[in-house]
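Add chain A to chain W, keeping to what the hints say.
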Amino acid sequence: MIKLRTLPTIALLALAMLICSLAPRPATAQGAAADPFAAALERLAGGDFGQIVEGINALAALGDARAVPILRALGDNALAKRQSDQRLAILRDDGPIDAATGTRLEPADRAAYAPIGINNRVRVALRGALGRLVLFSPDDAERLAAAQGVYRSRAAENLPLIERAYAAERNPRIKAQLELALAATRLMSPDAATRRAGVDTLGASSSAEARALLVETRAAANSDAELVAAVDRALASLDFRLQIASAAQTFFQGLSLGSVLLLAAIGLAITFGVMGVINMAHGEMVMIGAYATYLVQEAIRAWAPGLADVSILIAIPAAFLSAGAFGFVLERGLIRHLYGRPLETLLMTFGLGMIVQQAVRLAFGAQNREVSSPTWMQGTIALPGGIAITQNRLWIIVFGLAVLLATVAVIRFTRFGLNMRAVTQNRPIAATMGIPTGRVDAMTFAFGSGIAGMAGVALSQIDNVSPNLGTGYIIDSFMVVVFGGVGNLAGTLVGAFILGIVNKVLEPYAGAVLGKIFVLVAIILFIQRRPRGLFALRGRFVES
Amino acid sequence: MTSILGKPVGRRQILRGAAGAAIGAAALHGTKASAQAAPIKVGVLHSLSGTMAISETALRDTVLMMVQKQNAEGGLLGRRIEPVVVDPASNWPLFAEKARELLQVQRCDVVFGCWTSVSRKSVLPVFEELNGLLFYPVQYEGEEESRNIFYTGAAPNQQAIPAVDYLMSADGGSARRIALLGTDYVYPRTTNRILRAYLISKGIPEADILEEYTPFGHSDWQGIVARVKAFANQGKKTAIVSTINGDANVPFYRELGNQGIKAEDLPSVAFSVGEEELAGIDTRPLVGHLAAWNYFMSVQAPANTEFLNMWRAYINNPRRVTNDPMEATYTGFKMWTQAVRAANTTAVDAVRTAMIGQKVMAPCGYEETMGANHHLSKPVMIGEVQANGQFNIVWRTPGPIPAENWSPFIPENANRRRGG
Chain W
5 MIKLRTLPTI ALLALAMLIC SLAPRPATAQ GAAADPFAAA LERLAGGDFG
55 QIVEGINALA ALGDARAVPI LRALGDNALA KRQSDQRLAI LRDDGPIDAA
105 TGTRLEPADR AAYAPIGINN RVRVALRGAL GRLVLFSPDD AERLAAAQGV
155 YRSRAAENLP LIERAYAAER NPRIKAQLEL ALAATRLMSP DAATRRAGVD
205 TLGASSSAEA RALLVETRAA ANSDAELVAA VDRALASLDF RLQIASAAQT
255 FFQGLSLGSV LLLAAIGLAI TFGVMGVINM AHGEMVMIGA YATYLVQEAI
305 RAWAPGLADV SILIAIPAAF LSAGAFGFVL ERGLIRHLYG RPLETLLMTF
355 GLGMIVQQAV RLAFGAQNRE VSSPTWMQGT IALPGGIAIT QNRLWIIVFG
405 LAVLLATVAV IRFTRFGLNM RAVTQNRPIA ATMGIPTGRV DAMTFAFGSG
455 IAGMAGVALS QIDNVSPNLG TGYIIDSFMV VVFGGVGNLA GTLVGAFILG
505 IVNKVLEPYA GAVLGKIFVL VAIILFIQRR PRGLFALRGR FVES
Chain A
61 MTSILGKPVG RRQILRGAAG AAIGAAALHG TKASAQAAPI KVGVLHSLSG
111 TMAISETALR DTVLMMVQKQ NAEGGLLGRR IEPVVVDPAS NWPLFAEKAR
161 ELLQVQRCDV VFGCWTSVSR KSVLPVFEEL NGLLFYPVQY EGEEESRNIF
211 YTGAAPNQQA IPAVDYLMSA DGGSARRIAL LGTDYVYPRT TNRILRAYLI
261 SKGIPEADIL EEYTPFGHSD WQGIVARVKA FANQGKKTAI VSTINGDANV
311 PFYRELGNQG IKAEDLPSVA FSVGEEELAG IDTRPLVGHL AAWNYFMSVQ
361 APANTEFLNM WRAYINNPRR VTNDPMEATY TGFKMWTQAV RAANTTAVDA
411 VRTAMIGQKV MAPCGYEETM GANHHLSKPV MIGEVQANGQ FNIVWRTPGP
461 IPAENWSPFI PENANRRRGG
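Protein sequences appear in the order of chains W and A. Our numbering puts the first residue of the first sequence at 5, with every later residue one more than the last. Our numbering puts the first residue of the second sequence at 61, with every later residue one more than the last.
Extracted from the complex, chain W is given alone in its bound form (with noise of 0.2 Å):
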């Protein structure tokens, strides 16, 4: 914690602060005088968001360790009043304590105390104030946090403190984090060449956050013309390298629509592509992989909850049977008959498909549920150059590349694949070698159907499990396979991140509404050169 030969520092800014802070108050600076950990402490217990700002404030300066609980316990609303005589208390779950002392109090009730409500303003004091008082704890997390807190609140008389920080710091990651800290925290000095130190540090940096500071910076320092051209110069080489990140982002999030497109399109491809059935319902085959990933996450939560990390491993196998035995009845219940129909086929798997829909709203209701996403799928990776990918978007894009590849060697390397190739090819031919046609249709939709299914486990990860979840996607879907070509996987890999990209880089002039038209019209203009897309099949069995 606090290292002995900082408190004369420390305890001079505390009676500083205390003196500015205590004057226009004299009714209770006599108690305050006694003891200023109870008077800080008072001030917290204040009623409005500026009393218990200050009371923060009055803590972090004193350095006191005891500081600690007590304010983390604000930030987690467990601080709380006695009403009968409003001193304040940590509610914990195994009972209320005394704030100030650790001792148990009494009643026991909940009911007895009020909890004291915090708003963004107050979460903010505290940050600086727990960056302030952690800030040499052992524990690596909360050193980091407490580097991102004193980097944000950046207040002059932080800076020796940061810099003993900086210089004991032996682990990477956070020593980076103080290095900006201190340089935010140089840019408040008095002292012209500190502040142009800190000017330089953050030019060299890659922080987004950065590029506010020296802003700000630039406004306040009107007449130094010397720093402000150190920030002109910080801030031409900030901007560059945020262009580059900039530009490396955009191109992840192409790549992220690219995969969520894929992941949708890959089953159309299959059932739309290879059997050429125009099916409507593929957006509630994708919606039921969906609502079986919650429906498994729900049987984890209820009966395995040590599992919940692995529940949506789990829901893959099970989003694929379950999409794909409704594909498989489907298939044989109504789509054979119309073979041959299109129109017939696209209007029936059209109703059929709302039919679905409301089936899951009258099952579910129309409330969305949630699937949580397991911690290894939250939060950024944060990589050099300031460039941060999202965990989830970047697992989905590993997934969409996984189905894909999955699908390909079914169709290549297994005994059902090469059927279903020899059925599509040719079926006559196929039928006097043997082949069971109309059970290899079957299973053809069916995996097709699956593959919408394994979809729907991605899209509950960054979409409404709702049962209109397919609906937004099935245009999608088919705008993938024909722009890609019709009944090729590679085109269908291709297509989609091609659209992904292209409508990513499109957006931020476009905006998001005209950005997507363009990108159809484009498609259509495409198609119009090129029917049958961007690989397109050659052969004899294509003109039959």
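There could be a bad hint or two in this list.
Claimed, not checked - Which stretches of chain W does chain A cover? Using the computed rule of at least three CB atoms under 8 Å from a CB of chain A, they are:
(1) 166-172
(2) 393-403
(3) 509-523
As the list claims (entries may be wrong) - Here are the in silico distance ranges between beta carbons for each label pair:
(4) W:Leu148 x A:Pro153: 54 to 62 Å
(5) A:Asn369 x W:Asp97: 25 to 33 Å
(6) W:Trp380 x A:Asn376: 36 to 44 Å
(7) A:Thr405 x W:Asp97: 42 to 50 Å
(8) A:Arg379 x W:Thr418: 44 to 52 Å
(9) A:Glu427 x W:Ala42: 40 to 48 Å
Everything labelled a hint here was simulated from the structure, so no lab data went into it. C-beta: ideal position from N, C-alpha, C; glycine also.
Showing chain A alone in chain W's frame:
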């Protein structure tokens, strides 16, 4: 051609005669019905399927709950209330057809319905033509006033403007740059037009306002959130004002969480996200983001306890939440029964006159009054999302404020009469 007494009669004349007979029969039926104390018919015009079902089904349930309660208390004017539920399926033209059906075929005395402004705009001419009565329970962009509609949700000055004021205050983080994000339709566009004018009047330069629209059901928010982040890194405290509607909100908040945007650094205030919408998301990464409404489920007031208990008993699920439009439906229904009692009839013209000045102790904890402009006076509250999906109220007006449905920040309204 048929001929009666040797004179040829056209098909059209026969039709006309038949229609006359039908009208006569209907009129006869009407008088007979009231003599026997036929039930009072309450139409429910909420989408039970399609994209808006997520929000509107709870409103249907609220109306049905109120009808059940009223019937249990002996009905109204000694007559039973009979609900007539139709499903306009989130399809705007179908709203108009269903409204016509409720008024002409079912002869409803009053209709509770609509959520999106586009659905309200589509039924408005029907209600005006047939002199029906519609209670509209959702906050909206204003710029409307129909003698056949009572608006029990908020006008912009009762939601949007106080919310922006809060963001710019010290408690709200002193924001000086505002990103206006919305779904692309009439409500967000009009609200943002009002907000832009308001922000400029408060000294915010045009360059510090970002406006972005997305389609209904937008699910890929990566680019827009990244752009807002870049917008926030220009050196002034930034905040997001969201008029995103419907289920697009869930992926939007997920993206905020995933990109590590903390409410302390970049707070967002939403006008269309309530307890019901949050029920579908993990709210832990969203703690501190804001919503502005006239009611939150977490309000501590006897009227709210009564409302909550009634709802949970009716829906038979102790975990179901309530939200602002449900409260507005509840308040509107109560007010309508009071007006019917005061007028001693369900006739539209009499009820309309009796509605003005009606007061109800609403679950938000304040007494709300119906103004002459057909809008309710309402308190404004700002809530912060908590980890349990509820809102912690961090700011509220001292009392209900009257609605300004014609915003003074839209230049075309300069010559209109204002206020109730």
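- Has the hinted range 44 to 52 Å been met by the Cβ atoms of Arg379 (chain A) and Thr418 (chain W)? Holds - the Cβ-Cβ distance for Arg379 (chain A) and Thr418 (chain W), about 47 Å, lies within 44 to 52 Å.
- Task: Check, residue by residue, whether the region 509-523 of chain W contains three or more positions whose beta-carbon lies closer than 8 Å to a beta-carbon of chain A, and give the verdict.
- Result: holds (count 6)
- Falls inside 36 to 44 Å, the C-beta gap from Trp380 (chain W) to Asn376 (chain A)? 38 Å, holds
- Query: Cβ-Cβ distance between Glu427 (chain A) and Ala42 (chain W): within 40 to 48 Å?
  - Reply: Since Glu427 (chain A) and Ala42 (chain W) have Cβ atoms about 43 Å apart, the given range 40 to 48 Å holds.
- Query: Holds or violated: 42 to 50 Å for the Cβ distance of Thr405 (chain A) and Asp97 (chain W)?
  - Reply: With Cβ atoms ~59 Å apart, the hint is violated.
- Task: Starting from the hint 54 to 62 Å, judge whether the C-beta atoms of Leu148 (chain W) and Pro153 (chain A) obey it.
- Result: With Cβ atoms ~56 Å apart, the hint holds.
- Taking a Cβ-to-Cβ distance below 8 Å as contact, does the region 393-403 of chain W have at least three residues touching chain A? Per the Cβ count (4), the hint holds.
- Task: Count the residues of the region 166-172 of chain W whose CB lies closer than 8 Å to any CB of chain A, then report whether that count reaches three.
- Result: violated (count 0)
- For the range 25 to 33 Å, tell me whether the beta carbons of Asn369 (chain A) and Asp97 (chain W) fit it or not. 28 Å, holds
The structure fails hints 1, 7 (numbered hints given earlier, in ascending order).
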